[in-house]
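S.K.: Sequence:
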Amino acid sequence: MHKIEMSSEILDRIKGYRDGIHIFGNIDPSRTAHVIVDLQNGFMEPGATVELPVAREIVPNVNAISAAVREAGGLNVFIRYLIDDETLVNWSSWFTDFASPERRKAMIDTFSKGCHGFALWPGLDVQSSDLIVDKTRFGAFVPGSSKLHEILQERGIDTLIITGTATNVCCESTARDAMQMNYKIIFVSDGNAAMTDAEHNATLNNMVALFADIMATKEVVGVLGSAAAAKQAAE
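Residue 225 in this note's numbering is what sits at position 189 of the sequence shown, and the numbering runs on without skipping anything.
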């Protein structure tokens with residue numbers, strides 16, 4: 037697991053901007069979605085094209101949050117990174133400028149539909165009540181990337197719990213855009229994975245400063261349980 041070290045300077049600074057570090061402890065579980073980003077074979081298998089070893093270690097935490105979300109009446113959405121013919125054209129700057137021909141081919145052979153690397157990691161707890169949504173950019177909310185926003189809006193979702201990989205790429209991109217689209221964001225410190233501790237912690241600092249409430253898995257599960265119990269008592 038990542039060694040989490042958030043900046044004391046940033047934490048002290050935000051205390052002057054708002055009431056406390058945690059800001060979303062009173063969520064409505066029925067309007068909450070757990071968005072699990074890109075936990076696919078191509079990112080998780082030993083020796084995979086974009087292997088992030090810590091991604092395998094966060095799976096128990098991701099599964100615990102998924103179970104708590106279901107129990108509380110929320111929604112789990114598993115996101116898959118997809119490379120298709122249209123994406124290669126519309127996002128050519130990424131595939132030509134940031135990748136060699138060999139790397140480009142390896143990514144296509146990994147994350148095209150039907151490829152082994154495209155499939156969700158088998159250790160994930162995916163149930164029939166959960167949704168699976170494909171995206172074609174780092175962020176799920178970039179126009180043309182996915183239908184995630186429309187799906188969430190149809191269900192009245194206003195709060196997102198973000199887990200997955202990579203912390204500083206697809207997870208951060210998705211969280212940043214979602215916050216600016218008026219979603220409340222809970223970013224899970226021990227439910228996201230990057231290549232290095234430095235990259236992971238850089239994102240946590242960005243998130244806590246301006247974009248999200250940072251919580252550990254135990255805190256998220258506790259918030260969900262308390263919110264569900266309060267809602268049931270009020271009915």
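Hints were generated in silico from the structure; no laboratory data involved. Treat the hints loosely; a few may be bogus.
As the list claims (entries may be wrong) - PhoX-like mimics (lysine-lysine), calculated; alpha carbons at most 25 Å apart, straight line:
#	residue 1	residue 2
1	K51	K183
2	K254	K267
3	K220	K149
4	K183	K149
5	K267	K39
6	K183	K220
7	K51	K254
S.K.: Give me the numbers of the hints this structure contradicts, sorted from smallest to largest.
M.R.: Of the numbered hints, 1, 3 and 5 do not hold.
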